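Read top to bottom, the protein sequences are chains A and B.
According to the numbering used here, the first sequence is numbered sequentially starting from 11.
According to the numbering used here, the second sequence is numbered sequentially starting from 2.
Be careful, since some hints might not be right.
As the list claims (entries may be wrong) - Calculated cross-link-like contacts (lysine-lysine; reagent style BS3-like; alpha-carbon spacing at most 27 Å):
#1 B:K83 to B:K36
#2 A:K121 to B:K36
#3 B:K83 to A:K143
#4 A:K143 to B:K74
#5 A:K121 to B:K54
#6 B:K206 to B:K36
#7 B:K206 to A:K121
Said to hold, decoys possible - Selected chain B positions facing chain A (Cβ under 7 Å, derived; list incomplete):
#8 K66
#9 T69
#10 T114
#11 R162
Said to hold, decoys possible - Covered by chain A, according to a simulated footprint, are these stretches of chain B (three or more residues, beta-carbon under 8 Å):
#12 34-47
#13 164-178
Hints in this document: simulated from the structure, not taken from any laboratory.
No experiment lies behind these values; they were computed from the predicted model shown.
Virtual Cβ for every residue (Gly too), placed ideally from N, Cα, C.
Okay, here's what each chain looks like letter by letter:
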Amino acid sequence: MNGVHDMGGMDGFGQVEVEANEPPFHHFWEGRVMAMSRAIGANGGINIDAQRFSRESLPPPVYLASSYYKKWFLALQQLMIGRGMVGADEVAAGHALRSSPPLQRGTFSLKDVARVTVRGSFHRDVSTSPAFKPGDKVRAKNINPTTHTRLPRYVRGHVGIVERINGSHVFPDSAAHGNGENPQWLYTVVFSGRELWGADADPTLKVSVEAFEPYLDPA
Amino acid sequence: MSAHDHDHGHDHDHGSELSEMQLRVRALETILTEKGYVDPAALDAIVETYETKIGPRNGARVVAKAWTDPAFKRALLDDASKAIGTLGHVSRVGDHLIAVENTPQRHNMIVCTLCSCYPWEMLGLPPIWYKAAPYRSRAVKDPRGVLADFGVALPQETEIRVWDSTAETRFLVLPMRPPGTEGWSEEQLADIVTRDSMIGTGLPKVQP
């Protein structure tokens, strides 16, 4: 979707402000939100792509004005209400008002912690060969789905060079919407700064994105 | 949803958002616990892992090793997940990690313009600035301006390569080893490898 989350190249957000000796969490609740998101994701069958899409789908003013973990909280709660795992009336009451079927993988408990603190693999075998090889010229497609995609707007329509083939991976555009993993070849594609930003761009700049094969045409 | 939700997007003072969020998050955790979805002790363990066990020291050890062991450095640049997996003292890294080397000719910077993708196992949780709009918006268009915000100025001819983490591949910058560190132990070297130097927004810091 063409949301405010797709920020590459936007102006006006000001300077980067660095906090010295920043702690992992600034408030107790932030850690709880992160942990609940991992736990429900792992045992409740809400994959990372669905979680990302839920955050992207927050209304733009909410997205821009909310802190990072507040966005995670709003998105998680909305996803769980949307899937019938939690009732809006329960959220209002602050307590469970009825029992619910167990999560797909049962209660998230101590034995599950190691599974969410080490990254899983997103590699999936495919029967096809990659359509592109390093050195090939490719054009990022001009696509504008209202659904989840990982092709940022700032590269769409632009020509780059395939630099690496990174294997075949779960395709977020499908997985976010319950349409299966639909694995696709993944490439590192490099663009010159001038291709992306015009003649005034820094001539020493090169930018790469990780692009799935369905995002690319030969050029 | 309650009428309360209509408040989002308006200015809150810090204290009111804090207490509001404490209450809302506690309510959700209560519901999830009562429904048998989560054991709060398991949530404690996740939080504790990121507060105490996983942080930039993991990445710093990998960089220090690469600076002192040419065979490891080659293996790291060839397949970072595999190479780091051979180091017993660093936590498991997970798949799809790519190490990118800074040289006098090329400086690498990592960003996630779409969200906050970051090599958690190597660097811990990302800092707020990495997840915020100023960095995400400008890194791909004006990286030298961003570097100036960090007090870093590179020669005008140095190529700046920005890696936008738009899939599940993750990137770790291998910074250049500073002069004056000849003969240092891995442990000493790891001490000067900052988090930002492994994102590409800083350089290793040798204390004067």
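Hints, one by one, checked against the model:
A C-alpha spacing of about 40 Å is found between K83 (chain B) and K36 (chain B), which places the hinted pair above 27 Å, so the restraint is violated. Note on K121 (chain A) and K36 (chain B): the hinted pairing holds, with a Cα-Cα distance of about 19 Å set against a maximum of 27 Å. For the hint pairing K83 (chain B) with K143 (chain A), the CA-to-CA distance comes to about 23 Å; that is within 27 Å, so the pair holds. Distance hint between K143 (chain A) and K74 (chain B) is fulfilled; the C-alpha atoms sit about 25 Å from each other, no more than 27 Å.
Note on K121 (chain A) and K54 (chain B): the hinted pairing holds, with a Cα-Cα distance of about 17 Å set against a maximum of 27 Å. Under the criterion of a C-alpha separation no larger than 27 Å, the hint pairing K206 (chain B) with K36 (chain B) is inconsistent with the structure, at around 50 Å. In summary, the hint linking K206 (chain B) to K121 (chain A) is not supported, as the alpha carbons are separated by about 40 Å, beyond the 27 Å threshold. A hinted interface residue such as K66 (chain B) counts as satisfied when its beta carbon comes closer than 7 Å to some beta carbon of chain A; here the least separation is about 20 Å, so the hint is violated.
For T69 (chain B), the interface hint is violated, since its Cβ never comes within 7 Å of a Cβ in chain A; the closest pair sits about 26 Å apart. Because the smallest distance between the Cβ of T114 (chain B) and any Cβ of chain A comes to about 3 Å, under 7 Å, the interface hint for this residue holds. Interface hint status for R162 (chain B): upheld, as the beta-carbon distance to the closest one in chain A is roughly 5 Å, under 7 Å. Only when three residues or more bring their CB closer than 8 Å to a CB of chain A does the claim for the stretch 34-47 of chain B stand; here the count is 12, and the claim holds.
Residues of the stretch 164-178 of chain B with a Cβ under 8 Å from some Cβ of chain A number 8, which satisfies the need for three, so the listed coverage holds.
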